[in-house]
Amino acid sequence: MGQAQSAVGRVVGLTKKPLVRRTLIGLLVAIVLFGVIGYFVLPGIIKNKAEELIGEKLNRKTTIEAVEIQPYSLEATIRGVKMMEPNGTAVFVSFDELYVDLEAESLFRAAPVVREVRLLNPYVHMVRLDGQRFNFSDIVELIKSQPPSDEPARFSINNILIDAGRIEFDDRPDKVMHTVEQLKIGIPFVSNLQSHVEVYVEPALSAKVDGAPLALVGKARPFRDTQEASIDLDYDGVDLTRFYNYFPFKPGFKLAAAKLDLHMNVIFQQPKEAPPRLVLKGTGALKSVVLTTLDGSPLIRFGQLDLALASADFQDKRIDMSRIALHSPEVDVVRGKAGEINLLKLVPPPQTAAPDVAKTDEPSAGRAGPAPKSKTPQIDLRVAEIVVDGAVVRLTDEVPAKPFKAIIDKLDIAVRQFSLPGATPATVELSAHSAAGETIRHDGQFTLQPLQASGSLQAAGIALARYLPNYVPQFAGELDKGTLVASAKYAFAAAAEGQPQIKVTEAAAALSDLALRLPGEKRPVVTDRNVCGGKRRRRYCSARGPSRRDFIEERALCADQEQGWKPQSRTVGSEIVCERRCRAEQGTAASAGSIAAGQAIHAHVGPARHRQMVGARRRPDHGAPGGHRG
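Residues in the sequence shown are numbered from 1 upward in steps of one, following our numbering.
The hints are simulated quantities; they were obtained by calculation from the structure and are not laboratory data.
Worth double-checking, as some hints may not be accurate.
[Unchecked claim] Subject to a maximum C-alpha distance of 25 Å in a straight line, what follows is the list of computed SDA-like cross-link-like pairs (lysine to any residue): (1) Lys259 - Gly55; (2) Lys82 - Arg133; (3) Lys49 - Leu102; (4) Lys254 - Thr396; (5) Lys82 - Ile54; (6) Lys82 - Glu116.
[Stated by the list, open to error] Cβ pair distances, simulated, as ranges: (7) Asp96 - Val140: 17 to 27 Å; (8) Thr396 - Gln146: 40 to 50 Å; (9) Asp150 - Ala423: 23 to 33 Å; (10) Leu262 - Leu107: 36 to 46 Å; (11) Asp138 - Ala423: 35 to 45 Å; (12) Gly131 - Ala436: 42 to 52 Å; (13) Leu280 - Lys250: 28 to 38 Å; (14) Asp232 - Ala66: 31 to 41 Å; (15) Ser288 - Asp232: 20 to 30 Å; (16) Tyr467 - Asp138: 52 to 62 Å.
None of these values were measured; they are calculated from a predicted model.
By construction, the Cβ of each residue, glycine as well, lies at the ideal position given by its N, Cα and C atoms.
Between the sequences and the hints, there should be enough to build the whole structure, so can you do that?
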């Protein structure tokens, strides 16, 4: 008791000192003035300035009925807000009441920490005027024109409630009015700050969309260390063609048909000693999709595209997808006569660069500094598996003199462990089969940062007569037949400067069933059942000359004549049999051109002249025409 009385006496003694007395009086006056200004002066200033600034910046007359501020509890209420259209004849945005309860920690955090936000009877009137121009397009352009911030905004907004909302969308070109009535939204929090605000609003969404009821109710799951709430969204059979006209760009294609199924789960988490988290999980499916050009030509159609989202954490900017699967797509690829590719119509047109308003007439002193680097964190995307199965691709190339057409009737692609930015290697498997019996198979892996790829490629049944006349202008002959089988391993690495590094190893090729005609000839001057690159083998071929039939026996055909081969010939009546022996162990299918040229000379100049040219020597008859020596 004596100690308490002594402490009170000391305090009273301090208050009697002039300096302390003046300080206390000053604090008391400041607190009273803060309350008086907050209650009576500040609301009028905010009301007038807000009406003036909004009208000036947005070119829309705005009126505010009342502003109320509770300075000591940091609460504010704005009532009766009405924003008109630029012409002033219709209401653009309005609401009856906006209540905001600010936490005291906002003062020392220098960032808003809001305990509660309540918006009553909001109304929005949107109009599509023509094409991609809306009654709010000028506001969007104004936002885009603002310089980006070096650092993202820091905030924590909790217990958000929107009640009795209404949205009207007047689609004037299509003469359709869409309405969302009785809109109610409950959001526990939207934040990127660690805060300790009690969350009591459960996630919810309910409305009538064009007269159809939509109701989603979440669940709150409070734990000792983590507060958690979730909401489930199940929405099937959404007709996406109704939203085609609302693309943010003028599309160069038509969305003839598309359905969307969504089964999502939104989770709000508030750990005890960590920032809040918003996590999205679930699946989605695009069904019965048909994309065409503006004139109705087919582009892409598929039965179903499945998306399985394992987790999307917006706090860490990380998206994990377990599977993306595209089933039985049909793709029509057309290269027009001018070289344009039809699939590029699916890509949004490039945006016009905004004028550089920051230019100055006088150059700055010294050298210009480097452009500031964006501090926006990059999204970490990971996809465990991307699958395309049973695809059909129809190719049409109108650039050659004779248009080229081909059909890939079965294409399967599997990409595993794909990621962005792409530092982790991803594997890719591809197999394709064409209607002409051609097959291609690829196995390999790649990374995007740095850009590298390696793998093996095998091709079989490639009909050269379908490609050489159109895509090899230097080829002067007329190739009736010829089938190529090839395989190789490769390694590719992009270089920061200079040419990329490409390495091809273990390459092998074989050309079979060759039929080559010279320009203007009706009969093939060269037919070869197999021209091989690789090991030494025995093959047979026949050639027709202008005056007689010649049978040529081939033990091997060499690409490298420097390794040497001995031409030998023999005559059987009016027939001639030539034997060529090759000591080369390696060769390539590219030798077919030189071999064909030699055989063409043999066929046109005649056997006698050909023997003189190659220095052949006669030998005794060893059997019937067309036979061969062992």
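A range of 52 to 62 Å was offered for this pair. Does it hold for the Cβ distance of Tyr467 and Asp138? Since the Cβ atoms of Tyr467 and Asp138 sit about 54 Å apart, the hinted range of 52 to 62 Å holds.
Within 25 Å, alpha carbon to alpha carbon, are Lys259 and Gly55? 42 Å, violated
Per the hint of 35 to 45 Å, is the separation of the Cβ atoms of Asp138 and Ala423 within bounds? Roughly 42 Å apart at Cβ, these two residues keep to the hinted range, so it holds.
Quick check: does the Cβ-Cβ distance between Thr396 and Gln146 fall within 40 to 50 Å? Once the Cβ atoms are compared, 46 Å apart, the range 40 to 50 Å for Gln146 and Thr396 holds.
May I ask you to test the hint 20 to 30 Å on the CB atoms belonging to Ser288 and Asp232? Cβ of Ser288 to Cβ of Asp232: about 25 Å, so the range 20 to 30 Å holds.
Lys82 paired with Ile54 [C-alpha distance capped at 25 Å]: Within the cut-off at roughly 11 Å; holds.
42 to 52 Å was suggested as the range; check whether the CB atoms of Gly131 and Ala436 agree with it. Check passed, 44 Å falls within 42 to 52 Å.
Distance restraint between Lys82 and Glu116, which requires alpha-carbon spacing of 25 Å or less: 22 Å, holds
Please check whether Leu280 and Lys250 have a Cβ separation lying inside 28 to 38 Å. 30 Å, holds
Hey, Lys254 versus Thr396, does the alpha-carbon distance stay inside 25 Å? It holds: about 20 Å lies between the C-alpha atoms, which stays within 25 Å.
Could you check the hint for me, namely that Asp96 and Val140 are 17 to 27 Å apart, CB to CB? 26 Å, holds
Distance restraint hint 36 to 46 Å, applied to the beta-carbon atoms of Leu262 and Leu107: The hint (36 to 46 Å, Cβ to Cβ) holds, given that Leu262 and Leu107 are roughly 42 Å apart.
Violated hint for the displayed structure: number 1, the only one.
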